[in-house]
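Can you make the complete structure from the sequences, with help from the hints?
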Amino acid sequence: MRPGVAAVAAVRIFDAAKAPIQWEERNVTAIQGPGGKWMIPPEAKGPLKTPIAAGHPSMNLLLRKTFDLYANVRPCVSIEGYKTPYTDVNIVTIRRIAEFAFEYARDMANPTALLLSAVMMLRCSDFTEEICRR
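Residue numbers (the working numbering): 125 to 258.
Check each hint, because a few of them may be wrong.
[What the hints assert, rightly or not] Derived CB-CB ranges, DEER-like:
#, residue 1, residue 2, range
1, G205, T153, 19 to 25 angstroms
2, E167, S202, 18 to 24 angstroms
3, K207, A141, 37 to 43 angstroms
4, P144, R257, 56 to 62 angstroms
5, K142, G205, 31 to 37 angstroms
6, G157, T208, 24 to 30 angstroms
7, L187, A133, 20 to 26 angstroms
8, T208, Q156, 20 to 26 angstroms
Note that these hints are calculated values from the structure, not bench results.
Glycine included, every Cβ here is placed at the ideal spot set by N, Cα and C.
Laid out in structure tokens, this is it:
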């Protein structure tokens, strides 16, 4: 899928449904910030930016609580026709403990499925650090 295709399709769906949405287009191309570090343009965060000691929750937090969105699901697959260093990639990373993460792994019936908890990852990183010190 070409970049932007999903966004264009989503706009068409909402337009066909006559949803009362006023779209605002924003360029979210990475920019070079101080010291040459690549970053997301500040205006790309818009109203989702976490307020600093504003006395109310951020919009991100409000959206997550309202819609029970506690998992961050990141599928990563190889795209036919694109040359990359790795081929035949099919990985789904689910950040945050969510009950469905275990159901997802079971339902995929993939013998190579691997579930790691944050505690397990911290133990691994502590062990790796200790080995490096030796």
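Consistency of the hints with the structure:
1. G205 <-> T153: 19 to 25 angstroms: holds, 23 angstroms
2. E167 <-> S202: 18 to 24 angstroms: violated, 33 angstroms
3. K207 <-> A141: 37 to 43 angstroms: At roughly 38 angstroms between Cβ atoms, A141 and K207 fall inside 37 to 43 angstroms, so the hint holds.
4. P144 <-> R257: 56 to 62 angstroms: Cβ of P144 to Cβ of R257: about 60 angstroms, so the range 56 to 62 angstroms holds.
5. K142 <-> G205: 31 to 37 angstroms: holds, 36 angstroms
6. G157 <-> T208: 24 to 30 angstroms: Taking Cβ atoms as reference, G157 and T208 lie about 27 angstroms apart, which means the hint holds.
7. L187 <-> A133: 20 to 26 angstroms: holds, 22 angstroms
8. T208 <-> Q156: 20 to 26 angstroms: Given a distance of about 24 angstroms, which is inside 20 to 26 angstroms, the answer is holds.
Checked against the numbered hints above, the structure breaks only hint 2 and satisfies the rest.
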